[in-house]
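Sequence order for the protein chains is A and B.
Heads up: the first sequence at position 378 corresponds to 378 in my numbering, and the numbers run straight through without jumps.
Heads up: the second sequence at position 14 corresponds to 14 in my numbering, and the numbers run straight through without jumps.
A portion of the hints provided could be inaccurate.
Stated by the list, open to error - Computed, partial: chain B to chain A, Cβ under 10 angstroms:
no., residue
1, D46
2, I71
3, G106
4, E113
To be verified - Below, simulated DSS-like cross-link-like pairs (lysine-lysine); rule was C-alpha separation at most 30 angstroms, straight line:
no., chain 1, residue 1, chain 2, residue 2
5, B, K16, B, K58
6, B, K58, B, K132
7, A, K305, A, K239
8, A, K168, A, K239
9, A, K168, B, K16
10, B, K132, B, K16
11, B, K107, B, K16
12, A, K35, B, K58
13, A, K239, B, K132
Please keep in mind that the hints were generated in silico from the structure rather than gathered at the bench.
All of these numbers come straight from a predicted model, not from anything done at the bench.
Cβ atoms here follow ideal geometry from the backbone N, Cα and C, with glycine treated the same way.
For reference, the chains in residue letters:
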Amino acid sequence: MVATPAHLLRSATALGNEEVLRIRNDFPILNRSVKGHPLVYLDSGATSQNPLSVLEAEQEFYEQRNSAVHRGAHHLAVEATEAFEDARETVAAFIGADPDELVWTSNATEGLNLLSYSFLNASLPGAPAEAARFALGAGDEIVVTEMEHHANLIPWQQLAERTGATLKFIPVDDAGALDLDAAARLIGGRTRVLAFTHASNVLGTINPVSALVSLARAAGALVVLDACQSAPHLALDVKDLDVDFAVFSGHKMLGPTGIGGLYGRSELLNAMPPFLTGGSMITTVTMDRAAFLPSPQRFEAGTQKISQAVALAAAANYLSETGLSRIHAWETELGRRLVEGLETIPGIRVLGPAAGQERIGLAAFDVAGVHAHDVGQFLDSRGIAVRVGHHCAQPLHRRLGLTASTRASTYLYNTTDDVDAFLDAVAGVRGYFQA
Amino acid sequence: MSLDQLYQQIILEHSKARHGHGLSAAGVPAGASSGQSHQLNPVCGDEITLRVSVAGGKVSELRWDGEGCSISMASASVLTDLAEGLEPEELQHVIDSFREVLRSRGKVSADPEILGDAAAFEGVSRYAARVKCAMLSWVAAEDALGQATAGTSADS
């Protein structure tokens with residue numbers, strides 16, 4: 001059992017502007033200007049920026065320790081392996097997991113595909129008996145939600161198509177909340193997998209994990225949590241949430257691109273057939289057969305993302321030292337400021353929970369008569385970076401009667417001035433486009 | 001480059017006017033050979049369905065339905081004004097010229113003699129993320145024109 005991470009014990013006093021200004025000094029990119037304006041970066045929901053400690057950790061690894069891990073007897077190989085496994089321990093503790101329950105992936109998308117393909121392998125004829133609990137076939141059901149990012153939808157569509165299972169989804173209401181009555185009807189004896197996002201990347205809604213986990217447990221289904229939008233912003237404890245699997249991406253939590261994690265309960269990971277096979281994930285190999293290592297090596301074929309893992313651990317440390325609960329409290333304030341500000345601007349429709357309702361520190365919205373691409377272009381001309389488009393959630397946008405929206409997403413380095421500059425710019429959009 | 005150079009007044013006006021908009025309401029003109037093309041920009045979800053009709057050796061009508069940003073809508077509107085009355089080879093030449101300017105990253109100037117109002121989209125070539133928006137209807141027109149002149153009516 002892992003000790004409660006320090007970031008869970010801190011008080012929930014929100015960061016303030018003064019502290020955020022100090023934090024910003026750790027992020028070199030935030031000092032640059034764009035089109036003659038100071039950069040206002042409100043796209044951390046897509047990719048966050050990196051503090052110096054993360055950049056330095058990666059550089060230090062390459063300058064001092066660069067080598068292959070889990071092979072070779074020379075000194076650099078030993079140091080690299082230690083750094084790699086220390087990183088795993090740090091990041092596992094960050095999400096409340098044991099180190100052998102954290103598999104490195106390239107990102108959350110790869111983690112979800114790993115699960116989908118491992119379940120597919122478990123469904124094929126000749127799969128080992130221990131893998132039967134992951135096998136799907138005709139009559140079985142996979143349940144997702146209508147608010148999923150495509151990364152937590154398409155791998156399950158593909159798995160259903162290939163195994164003959166049926167894919168069902170929990171609908172969202174007009175306010176962007178999951179219909180839990182429908183969930184209770186949908187999740188039943190045929191449900192084998194329930195996959196859902198912890199926090200919506202479009203709506204900012206935080207989903208009721210425990211209610212959904214209870215339904216899945218009663219049905220005997222495996223629970224997969226997409227923690228992409230929660231791991232960077234909330235103190236996450238996968239054991240406390242009682243999910244079977246969880247995925248996250250490093251680049252959304254101050255880390256580099258190309259690294260992410262898949263959490264799985266130890267007994268499940270060790271029974272699950274591997275997805276990628278090859279070097280480093282085997283015990284004995286003959287020309288006919290191979291036996292596989294236990295988790296996590298079982299799922300880490302080939303040379304790994306070593307420097308990225310080391311840098312991600314530095315990012316987790318940065319977040320823990322700042323305090324996740326304080327970050328979350330600050331982002332909640334920024335999110336409220338965003339929503340309340342947007343709702344005072346004529347012609348703006350904020351998606352998701354109404355002002356005053358719980359949401360992570362982001363807001364997506366529609367501007368009457370102006371396409372999201374044009375909104376984004378206008379904001380960009382003032383140095384303000386936001387996301388435009390369907391945010392990899394086409395079904396959700398269709399449900400809301402839209403093809404695209406604009407999203408501002410905050411992080412620990414955003415000030416209230418950032419939010420105000422954004423709101424000021426949004427107020428000018430419809431006038432510029434004569435809408 | 002300023003925002004006003006991208007969003008020239010003519011573009012903002014055409015994005016509202018949407019000349020040629022209303023495909024479903026209109027049938028293929030009698031005696032014309034037509035082609036129809038649907039194009040989608042997967043990045044932003046912009047879509048267009050566009051039909052080109054050719055009669056008497058000329059583009060007799062261009063009609064389209066679609067939803068998208070001001071650049072894509074204005075571009076389809078300007079294209080409609082340009083295309084009607086041209087011979088198929090002339091329209092193809094205009095499309096080729098437009099594509100060359102748009103893909104040049106600002107290196108090739110638009111020739112107003114050839115492109116008319118479409119020369120206003122010259123500034124879009126400096127915004128790599130927006131080139132597809134401006135090209136959407138033109139790609140559809142090229143495809144539809146090819147069908148119309150091949151005599152393979154794709155009327156739906």
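Hints versus structure:
Taking 10 angstroms as the C-beta cut-off, the interface hint given for D46 of chain B holds, the closest approach to chain A being about 8 angstroms. Restraint check, I71 of chain B versus chain A: the minimum CB separation of about 7 angstroms is within 10 angstroms; hint holds. At about 16 angstroms, the closest approach between the beta carbon of G106 of chain B and any beta carbon in chain A exceeds 10 angstroms, and the interface hint on this residue is violated. Here the hint on E113 of chain B is broken, as its CB sits about 29 angstroms from the closest CB of chain A, past 10 angstroms.
With a C-alpha separation of about 27 angstroms, the suggested pairing of K16 of chain B with K58 of chain B holds against the 30 angstroms cut-off. For the hint pairing K58 of chain B with K132 of chain B, the CA-to-CA distance comes to about 27 angstroms; that is within 30 angstroms, so the pair holds. Annotation: proposed proximity of K305 of chain A to K239 of chain A holds, straight-line Cα distance about 26 angstroms (limit 30 angstroms). For the hint linking K168 of chain A to K239 of chain A, the alpha-carbon distance of about 26 angstroms falls within 30 angstroms, and the restraint holds.
Between K168 of chain A and K16 of chain B the alpha-carbon distance is near 40 angstroms, which puts this suggested pair outside the 30 angstroms criterion. Restraint check for K132 of chain B and K16 of chain B: the C-alpha separation of about 19 angstroms stays at or below 30 angstroms, so the hint holds. Between K107 of chain B and K16 of chain B, the direct Cα distance comes to roughly 29 angstroms. Compliance with the 30 angstroms bound is thereby established for this hinted pair. For the hint pairing K35 of chain A with K58 of chain B, the CA-to-CA distance comes to about 45 angstroms; that exceeds 30 angstroms, so the pair is violated.
For the hint linking K239 of chain A to K132 of chain B, the alpha-carbon distance of about 46 angstroms lies beyond 30 angstroms, and the restraint is violated.
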